Structure formats: structure tokens, C-alpha cells
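Novice: Use these hints to put chain X onto chain P, whose structure you have.
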Amino acid sequence: MEFIKNLGELLKTRSDFFIELLLQHLVLSLIAIVIITVVGVTTGVLIAKSQKAASVVIGLTNVLYTIPSIAMFGFFVSITGIGNTTAIIALVIYGLLPVIRNTYVGLTEVDDQILEAAVGMGSTPWQLLSKIQFPLALPVIIAGIRSMVVMTIALAGIASFIGAGGLGVAIWRGITTNFDEMTVAGSLLVALLAFVADGILGIIEKRLLRRTK
Amino acid sequence: MIEFRDVSQQYQAGKPIIRHLSLTVSQGEFVVLIGPSGCGKTTLLKMMNGLIKPDSGEIRIKGKELKAWDPITLKRNIGYVIQQVGLFPHLTIEKNIAYALDIQKASETVKKERARELIQLVGLEENYLAKYPNELSGGQKQRVGIARALAADPEIILMDEPLGAVDQINRGVLQDEIIRIYQTLNKTIVFVTHDIEEAIKLGTKIVVMNQGEIMEMGSRDAIVFHSKSHFADDFIGNKGFLSYLNIVKIEQVVCPFNGNVSEKEITLWVSAADPLIVGIRICLENGVNQIGVRDGAGQVVGAFDLGCLSRLKF
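Residue numbers (full-length UniProt numbering), protein chains in the order written: chain P, 1 to 213; chain X, 1 to 314.
Next up, chain P with everything else stripped away, as it sits in the complex (with noise of 0.2 Å):
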């Protein structure tokens, strides 16, 4: 009871603290998901026209994501030092597989029946894509992003221990001041932000589930 009430006494006074925190960790999220979802739709878009890409590419992504994440961290810590720049880097290869793997799923499990009917109807290349083939892809694509942002709030609590900024500065300086309530405060914001966040997304699927069955 003490622990939860200092909890909460921390939160209240350190308020522009941790806010400020939230805010560091939610542009640092945000950027590496916006890099995240352009990048990773555009390579399931491309490799799903090849099989052998395919397989290499998720092959690649695969191996990438086995990798430990204080590993990834250290080993670009090497390349492009510390800061912000790193943990993008880092974020972006770890978030990639969920999306790349996804849009690459969806797109070629559209059933051949439709993708006949629209290639015999004429439609170019690109219209069976933008017309047909991505809207159909496209819950399963957003079902991968989902995971993909839940993962990349949750692994920017880690960017802190490479110089970067967001609440993973609170969970680092609890651990090394032994000062539990703010490694705990820390810890619940980014759970919470990556909850709502997960939230908002789950709304946004379900809405284009209930169109495209």
C-alpha cells in the first residue's frame, strides 16, 4: 500500500517529468512506425510478386528478429553511435518482419478465382493491386501493424540505455538509483501507451473487417 501511494505521490509531483517523457518516447515510437509501415508495406508489395524474394526477404527479416534486442542496440551503438538515430534504426529492424511478413500473407492469399476475374476483366498490374488485391490484403496488413506498434512502444522503453529519450529514461534511472516506484512509473506509462495505442488500432480493424468478409 505504502509502494502504490509513493507511486502515485512520484507521478503527481514529477508530472512534467514524466509527461515530458511520454511525449520523447511517443515521437520516437511514431517515427520508427511511420518508417516501419512505409517501408515494410512496400517490400511485402514487391516480394509478393516472387516467391524466391520472398523467402529471402522474410528469410532475412526472420533472422533479424531472433537477434537479442540489447545486442541490436549495442552492435549500432558501434556504427552510428548513441541517440535517437540508433534506436530508430534498431526499432525499424525489429518491426519490420510483422508488417513485411503480413502484407506479403495478405497479398498472396487472395483467392485466385477473384484475381482471374480481375485479370480477365483487364485490369493493369497496377489496378489489381490498388484496386483489388491491397484492399482485400488490407485487414490482415493492419492486424500486423498492430503487433508491430504494441512491439515497438514496448522496445523503445529499452532505447533510453543507449543515450535515447522517452520513458525508458525513467525505468533506467530507477535501476540505478535502486528507486523502484520510478522504474515502476516508467514501466506502467509505456504499457499504458502501448494499451491505447493497440486500442485505437484494434477499432480501425475491426471496422474494415466487417467490410471486406
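Please keep in mind that the hints were generated in silico from the structure rather than gathered at the bench. Source: prediction; values computed, not measured. A portion of the hints provided could be inaccurate.
As the list claims (entries may be wrong) - For lysine to aspartate or glutamate, the following EDC-like pairs were computed, each having C-alpha atoms within a straight-line distance of at most 16 Å: (1) X:LYS46 - P:ASP112; (2) P:LYS131 - X:ASP102; (3) X:LYS239 - X:ASP221.
What the hints assert, rightly or not - Coverage of chain X stretches by chain P, computed from C-beta distances (three or more under 8 Å per stretch; other residues unrestricted): (4) 66–75; (5) 79–87; (6) 96–103.
Unchecked claim - Some chain X residues close to chain P (C-beta under 10 Å, calculated; not the full set): (7) LYS46; (8) LEU51; (9) HIS90; (10) GLY145; (11) ALA149; (12) ALA151.
We put the CB at the ideal spot given by N, CA and C, even for glycine.
Specialist: Quick look at chain X alone, frame taken from chain P:
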């Protein structure tokens, strides 16, 4: 309209799907391609809109060589209906029907107008336009599939077993609809099926295929009665004959009453629009040689007896 000259095609070397095939489809014909599975009928159909390219031979569509056509333009000039319908599940029925116009960048008003026109043509209510494909039954979906193929007003329509997945009752109704649309719009139709009854009913020209070759080709009468190939004879056989009796109308064989029987003595009647099989059945059922025939308005038009059948002219 469509001309194949010595066309061959194989997916794998040594396994030909189409062998040295020649075929001409003229303007306004309703050509049915029929044969056992794997005979190459669907491949032949898909060559007509360039979905499959031949290995050798010449194909001309509307007088122009296939290679000279831009593949996209060619497909836009030909309507295409497939078995599983392939409606776009994320689009409303209206957008589905207007898709061919949409990809050719027609205006919204034109698309809306055309969708409304076509939904009526295929016998569905206008309120279906706002629905999604998953709200429709199999038969309704296929009606939409046909409407969609007609959207850009193509002269040629290809149908690949369009009624294969439709139940027996709806199939008959849809066959009648297809005949009606064919007769009203005066299109050239190429239709693939493995159902003999369907082929006899729909085709003005029936092409029997086996192992990538045309075994027999001709009108309904020629295919049922004067088949020259052994294969076509076996394949069409009595099933084809039965379908024939089911389709040809009594009005084609009406004859005068036999001299000593007067109209008043006749108690059994059929309608001139009934198929032959109805008349034959009534005769057999009642053990009579002759029954009367009336037209739609109830006027007596003559008699039907088994001897009349010889009046069929091939």
C-alpha cells in the same frame, strides 16, 4: 469473330493440352465447348482473351491477330464469367458490376446508370446494388457475375462453366436467362461446360472436344443425330438425345389431324410450347397415337403423334 488456325499449346513438354486445333466462331453464334475434364476446353477458352498464350498457330480476334492486340485492351473487349463467380468481396454489387467501367475510368454517373440497367437485365431488384457479395445466394451471385461481364458492352462473352456451382433448379432458370440475354443483346458467346444437357440446350453450335482436339462440331441436330466421330457419339449418346427431346418444342412438328379422327374426339391436349418429351409421354401414358396441340392463347393448331416426329428437318 474468333479464329483459331492450327493452334497448339502444352504446359509441359510432351503433354499437349491443345493439338493442332482450328475453330471459327462467327458473329452472333453461341458456341458451347464440351468434353471430359482435361480435354482442353477451358484452356481453349482462356486463349481467346489472352489469359493463356498458344505455343504455335494463329489466333485472330475480331480479325486482328492476337499478338497485335494489347493484352489489356483485348481483355477489356471481351466479357468473362467464371465458375466460382469471383465477385470482389470488398465491393458492393454496384461496384462489382461497374468494375470493367471503373478500370477504364468511366464517370460515376455512367457507372451508376449502367449498374442499374444491368441488375435489371439479369433479373435482380435494384436494392441489391448496395449489398455485398456475401449477402447473396449462389444463383444471385452468378447473375451478378453475368451482369459484370456485360458492363463494358463487349461483343464477345466468354463463360467458363458459369453454372457449375449452381444447384439444379437454379441452373435451369439461369440457363433460360442466359438464352434470353443472348437473344436480346445479340452477343457472340463462347461457353464451356461438361453438362451435355446444358450444351444441347444453349448452343447454336456445339463443339465436342477430347484430348486437345475437336472430335465433332455442329448444330444441336447434327451433334445428336449425325455425329461422325465415335467419341462424340458415345459422349453425347442417349443423354444428348434426351436433352434434345426436352428442348425441341412441339410446335416444330405439329401436323394435321389424321383423316378419320375429328378434333372433337380428342381429349388430350398439349401446348405448342411444350417440349417433344411431354407429348411423347402423354401418348405413352394413355396408350393413344394422337393428341391435340393448342397454342398459348388456347387456339387449336393441330395434332401431335409419334409419326409427326419425322417432320423434324435437319
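Novice: Give a verdict on every hint.
Specialist: Status of the hints after comparison with the structure:
Annotation: proposed proximity of X:LYS46 to P:ASP112 holds, straight-line Cα distance about 15 Å (limit 16 Å). At most 16 Å may separate the alpha-carbon atoms for a hinted pair to count; P:LYS131 and X:ASP102 meet this at roughly 10 Å. For the hint linking X:LYS239 to X:ASP221, the alpha-carbon distance of about 14 Å falls within 16 Å, and the restraint holds. Requiring three or more residues with a Cβ within less than 8 Å of a Cβ of chain P, the coverage given for the stretch 66–75 of chain X holds, as 4 such residues are present.
Only residues whose C-beta sits within less than 8 Å of a C-beta in chain P count toward coverage, and the stretch 79–87 of chain X has 7 of them, enough to reach three; the restraint holds. Residues of the stretch 96–103 of chain X with a Cβ under 8 Å from some Cβ of chain P number 4, which satisfies the need for three, so the listed coverage holds. Contact between X:LYS46 and chain P, as hinted, is supported at the beta carbon level, the nearest pair being about 8 Å apart and thus within 10 Å. Taking 10 Å as the C-beta cut-off, the interface hint given for X:LEU51 holds, the closest approach to chain P being about 6 Å.
Among the interface hints, the one on X:HIS90 holds; its C-beta lies about 4 Å from the nearest C-beta in chain P, closer than the 10 Å criterion. For the restraint placing X:GLY145 at the interface with chain P, the shortest Cβ-Cβ distance is roughly 8 Å, inside the 10 Å limit, so the hint holds. For X:ALA149, the suggested interface contact is upheld, since its CB lies about 8 Å from the closest CB of chain P, less than 10 Å. Residue-level restraint check for X:ALA151 holds (minimum Cβ-Cβ distance to chain P is 9 Å; threshold 10 Å).
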